[in-house]
Structures are given as structure tokens and as C-alpha cells.
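Chemist: The residues making up each chain are set out below.
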Amino acid sequence: MAGDLLQFLFAGITVGAIYALIALGFSLVYSASHVINFAQGEFVMLGGMGTVFAAAAGLPLPIAALAALVLAVLAAMGLERLAIHPARDAGLTGLVIVTIGASILIRGLAGIVFDRNFHTLPALSGDAPLLVAGATLHPQALWILAATLLVALALWLFFARSLTGKAMLAAAVDPLAAELAGIDPRRVVLWTFALAGGLGALAGFLVTPLAQTHFQIGVLLGLKGFAAAIVGGLGSAPGAMAGGLVIGLVEQLTAGYLSSAYKDAVAFVVIVLVLLLRPSGLFGTRAIERV
Amino acid sequence: MDGARSRLLGLAILALVLAGLPLTFTNSFWYDVAIHSGISAIVCVGLNLLIGYAGQISLGHAAFFGIGAYASAILTGSWRWPAELALLAGLALSGGLALLVARPILALRGHYLAMATLGLGIIVSILLNQEIRLTGGPDGMPVPGLVLFGFPVRGPLVWYALVAVSLFIVTLLALHLVDSPIGRALRAVHGSELAARACGVDSTRLKVLVFVLSAMIASYAGSLFAHFSGWLTPAEAEFMRSIEFVTMVVLGGMASTFGAIVGAVVLTALPQFLTVFHDYEHVVLGLALVLGMIFLPRGVVPELARRLGWRAL
Amino acid sequence: MSLLEVQHLAKSFGGVRALDGVSFSLDAGRVHALIGPNGAGKTTLFNLITGMLAPTSGRIFFRGQEVTGLPPEALAALGIARTFQNLQVFLDMTVRENVLVGCHLRLERRLHACLLRTPSLRRAEREARERADRLLRELGLDRYAEARADSLPYGALKRLEIARALAAEPVLLLLDEPAAGCNERETAEIGELLRSVARGGPTVLLVEHDMRLVMNLAEHILVLDHGRLLAEGPPERIRRDPQVIEAYLGRHGQVTDGVAQG
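First to last, the protein sequences are chains A, B and C. The first sequence begins at 1 in the working numbering and counts up one residue at a time. The second sequence begins at 292 in the working numbering and counts up one residue at a time. The third sequence begins at 605 in the working numbering and counts up one residue at a time.
Derived from the structure by calculation, the hints contain no laboratory data. A virtual CB, placed ideally from N, CA and C, is assigned to each residue, including glycine. You may find that some hints are simply not true.
Unchecked claim - Facing chain A, according to a computed beta carbon distance under 8 Å, are these residues of chain B, among others:
#1 403
#2 436
#3 584
Here chain A stands alone, though its shape is the one from the complex (with noise of 0.2 Å):
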């Protein structure tokens, strides 16, 4: 029973990871932009589809890697150059609207450009599992695990310590004040897209070993990994990393021992919940406003 608890623990804690690093996309581009992107789970997309059709091409698999996560972050880029830009007179509405079309139209490219099976990829340190007191973890897990923390680690460090990082957090802040002080707030939300746009890739690229990739696998993805961004409370990044943690766990955990048919419907009650019962997410300090 325990080894059980123990297997659904690290599986809770992997696919964790993955949405947590999707969340950090939604909440990091909602924090400077105020958009919800719904295209983020292109981007998840992007990386593992663009390293199986770069590899299918030659390249070996980092460089693969690299260069689907050039792909994502070009995608986003332009996403925000070419279509949340120009359209942002259209307000909330018209912006949400933006980038589900935006989703629906790189999903769409991808279906013809690449094509409509399923792929994988060989995992990082082979599929041999490690037994960890009576539970098998995949060593793939253990490179999503390291990756996810370093890359907390990382936004972290730049947020809090680097000048770029603290201008952007100004920018977001205050767009105004930012722009006096000589940041434009422009290029900050151009670049949290190009950042939200590699997290997904990087995402995409490390969950393709365990789960395979599809043209159409950014769509459950994206909308669960914005469960845990609403979860955590939609801009905060350290809410982004525990929602994230938080789908995980109770999904593999529902999926043990009440019913996997309902494993993926456990993202959509929570975020129907903490919508219903803590609007600010279970993370999240920034006041709502009531009517």
C-alpha cells in the first residue's frame, strides 16, 4: 500500500513539475501583459514535435532540442508581435479571443507542417526505472525534477537579483513608472513571451520521453497548466510552481484510487473550485475586486 502511495507520489510530483513549468508561461506573460494566453500549450507542443522532426532530420538530440526551442520562442514572439500587439485596443475579450486563435492556427500549421501521429523520444538516461523504496521512479522524472528546480532557481535569481529582472517586474507593475525610468515596457512583454515561449518548449521537450507528443497534446496541457497558474493565483510565479505541484498530485492521485477515467477532469473541478470558494488562487495575496 505504502509502495503504491510512494509510486503515485512521484507520478503526481513529475507531471507536477511539467504543469508547473507550463504555469510560470501563463503567469509569467499575465504578470507583464495582463493576457491570458491560451497558445501556451502550442508552445509545449512545439518543443516535443519540433525535437522529434529535428532529429528525424539529422540533428542529434540536444542540438534537436535547441533548436525546437528556438522554434517556440520564435512562435512567441511573433505571437505577441503579430497578433496580441496589434490587436490590443480589442480589450480582455478581444485579446482572449486573439490567442485562441492563435493556438488554433499554430496547432493547425503544425498538423501540415509536421504531421497528425503520434511520436516520442528516447529518454535523457535511458528507460531502465529505479526502485525507491518498493516504487519505480523513471530516470526521466529525475531530469524533469532538476530541470524544473533549476529553472526556479533561475527566475529567481534573475527576478530578484539581476537588473533586467527587477525592470521587468517594474514594467509590470507599473508600465508608466517603467517607461520613465528609461524601461520600455514594450520590449518587457516582448521578451516574457519569448521566456514563456522556451519554458513550454522546455516542457514539451522533457514530457515527450514519458507521455509521447501529438500535434494536438497542447491542448490539454495548456489548459491544465492554466489550472495550476489560476490555482496558484494567476500572475504570481511562486503560485505558478506549487499549483502546478498541486494538479499533479491530486490528479495521480485520483488516478490511483478513485478512477482514472477521471484523471483529466480533476484539473477542470479544481480550477472550478478555487474560482468558486478563493478567486486570488490558494497562492495568490493580490486582491480580487468584488462588484
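Start from chain A and add chains B and C according to the hints.
Modeler: Then chains B and C, alone, in the frame of chain A:
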């Protein structure tokens, strides 16, 4: 032209078009396309009240469509209920669920309704897929033919007539609502929420009201759809269907009832005729959404009306 | 009995006390004015009375009933209407529609009536339209009735806000700087207008910087300074109150002229 006169003119044109269309149909394929377009249009007229006038997005309207459809399918099929009663049960279920979610969510300022309906929509879609004993799961389930007040609705022309009359009535009610104190108050909230509330407008209550109404309209359309198609699958209730409904409203023209109808008809009918573009369907849909919001943020119909100097309805 | 009673009302914004324990009451049927230097807390007080903000502490009673913390629409339903210092006109609606929104609470607005356009709705709409047109005539806005509000000149927008507030037939009318930004002639017109509004109409609470207008219209003046009630009383007493003169002399030479002239 004042509100009442342009409303009557618009309705007269709609009635003429609806009545005249069958004369141009050469085979049952055309009826099929027209009936599906009409059913989408009914959903969009309701959804437009929410998006265009209450300023809120629902990313889960296909769920209400699905609830109506499955209520009709299950209650008339397995439970042998009369179709009218099953349809009413679907309306009550959709309306009740919408009310339950919207009341707390719409008391918050911001786009929380979009997130909540997204979650709700996906939960409903997963339920329909997994509750195989009730719904037949992903393979779907059969739906008995529609018998309304003892009169069997059979054949393309009768079905077309039923959908056309339904669309006309829903449009009439929507236009009335827009030009009523409720519609005016919603436009005022859009202009300045504080000032509207200082005038006594209970903005939360109105938004909830419109959301519940639009959910029930979607449910009604779902019931019609289930009986018409005779076979129902959960694909009708999935997330992408919700997005398609939003796309129809936005492209046709937010805050324009006839725009919503045009958007629904074009986006339902076009893929039927452009089957060669099947692979590119998503590319076209996505591009249309992005370009539409950039170049025609108000939608096709209101933009056309503005250029021609008409009042958009 | 007083119409509005405010007890120890306080409001802080992140540690800054905008309003610091203000108590007063307003008698029904009179014109009251609220004056004070910029930043004294006048608009904050308005926002608390109309439910736009919730007080940090203190209580508000309207017609003997406690209304502290009620939302704006509930206060409007009890008979409180207001105008805004920074115009809050519904710009993409016509002038007549703006006034009709002011009538909102008196209209038939049940869902089934609105969907079906029942006879009761048509009757209520017709009557509301007549009342709106009458108000527009009284405020000299009738020629704009069909125009979109965003095409109106500034002075007309100010009057439109007053028309919309009057359309609700309020018991208490709060006017936030109705003459701000208006030239001398427009200010005089607004003064005339307010005089006729007050005659037999609602109780008025007026925030205004134009001292001549205040001294001419108000029967009772409240002076706020630094979030506290500095003085209150009839105009002739306020005019001579050394504390009031001091408060204005300190930072507000221009208004001091007004006080001296008034």
C-alpha cells in the same frame, strides 16, 4: 431610423430570407447544411447577448448545448419521456447549472466567467465521454425522432421549418431584450459600470440573467440537434465546439444579433462546401479569429453597417 | 428627523487616512454644501455615502435605516443619486438613452416583459421617454436628444449628468463639482439650474470649489480639512469662522478670495 423601426425591418428581412431559402435548395444536402447552420445560429444569438452586451465570455457553451442534446437523447430514448418534457428538463438543467456557477463568479470583476465556463465545459465533456452506460461514451448513442404535441417532425422541409421558426423567435426575443431596460442597462454598464450602478443598475444580477438565458438557448438548440441528427456523440459538447461558437459570434459581430446569425451560418456552411480544405480547416479558423480581431474588432456585420451608414442590429 | 446621518466615518487607503472620523447629519429638503481644500476627503466621502467604497469604520444612516456597506445599486434604490466629478456619461449611447438609464429603477425590467415586449413594458417605456424628454427640455438638452453623448460639448455633458441623476427622482442628490471646468456664464447657468432643482425637489449635497456658487445656493455648509470636519453651519457663520479662513489662507489663496467676496 429609430430602434423599433429598424428592428421590424431586420425581422422582416430575416423572415423573407428564411422563407425564401428552401426555393433555392436542390437536394437534401442543402437542407442539411441549412438546418445545422440554423441550429448554430440559435446558439450564437444567445451567446451574443452574453459576449456583446454583458461583456463576458463563455468558453463552455458547447456544454450547455450538450446538456440539452443528451437530456433529450437519454430522456426520450432510454426513459421514454415525451420530447417536450425532455427538452424542458434540459433547459432546467442547463439554466440551473449556469445559475449555480455564475452567481458567485459574476460577483467578481474580471474574466473569471471565461475560466469557470472553460472548466465546467471540459468537465461536462469528460462526463459525457466516461458515463458510457448513460451516454454510450465516445461512440455515441441513438436519439429517437422528434414528436411535438403528437405531430412527428420528419423530412427535411418540416425540420427546416421548425429550425427557421425557432431561430426567428429567438432572434425576436433577443432584439426585444437588447432594446429593453435590461439591454440599455447592460450597455450602460459597458460604458461606465460605476455610473450605471449609481443609477440603480444591478450589474451582477443582469449579467447572471443573460448568462443563464444564453445557456438555456444553447440547451434548446442542443435538443433540436439531437433529435435531428438521430445519433449523438460527445464531440458536440467538447471544448473546441465552445470555441467555434465564440468564433462565430466574434467574427459576425459582437453586439449585433444579425452579425451572430451571419457568423454562425458562414462558419457552419463554409466547411461543408470547402471539404477540399479539410486539412486547413484549423488554419483558416485560427487565422480568421486573429485577423478578425486585428482588422475588424467589431465584427463583419457591424463594420459593414457602419461603412454603409446603417444602424447595426 | 435628519435624512442622512453619518457617524464617525473613516476611510484609509493603505495606511493613509483619507477620512478620519467624520460625523454630521443632513436635514431633509435643504441644499447642503461640502467644501474644503483639494485632498480634504470630499470625493471619498461622496463615494462612501453612495456605496462606491466601503468605510474602514463608522456608520451611515439614511432615513433612519442603517445603510453602511450597501452596494451602490441598493443605495440608488433607496433614493440616493449622484453625479461624478470626472464625467461618467455613457458615451456610446444617445443623450435620451443616458437619461433613460437614470430612470432604470422606475422601468418595467422583469425578464419576461423585456423578452416579450409586453404592454406593461411599452407603457412604462413610453412614459419614461416622455419624462426623459421633459427633463432634457428643462436642462436645455432637447436638441441633443438623438445625438450620441460623445458628440456633446463639455458644458452639455455636465448638464446631462445632472439630468440623468434627476431622472431617478432621488430623495438625496449628491453633486460632485457640477461647475468644475465651466466658464463664468456656464457656472451661472448651473447655479440657476440647481436653484430650480432644489425648489420642491430633492435634498442636495453639493461639492464645489466655486465659493460664490456655494454661498449663493447652500443653506448649510460642511467644511472638511485633512479628512476631518473642520466646521459646519449656515454660510454666514462659515464665512467668518477663523478656522475655515485659516485652513484656506494656508494653501488656497484663490478660494480665499471667494470666501472674502462671498
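Chemist: Double-check residue 403 (chain B) for me: the hint is only fine if its C-beta lies closer than 8 Å to a C-beta in chain A.
Modeler: This hint holds: residue 403 (chain B) lies near chain A, its Cβ roughly 6 Å from the closest one there, short of 8 Å.
Chemist: Quick check on the hint: residue 584 (chain B) CB to chain A CB, less than 8 Å?
Modeler: For residue 584 (chain B), the interface hint holds, since the closest Cβ of chain A sits about 5 Å away, which is under 8 Å.
Chemist: Is the shortest C-beta separation between residue 436 (chain B) and chain A less than 8 Å?
Modeler: Nearest chain A Cβ about 32 Å off; hint violated.
When each numbered hint is compared with the structure, a violation occurs for hint 2 only.
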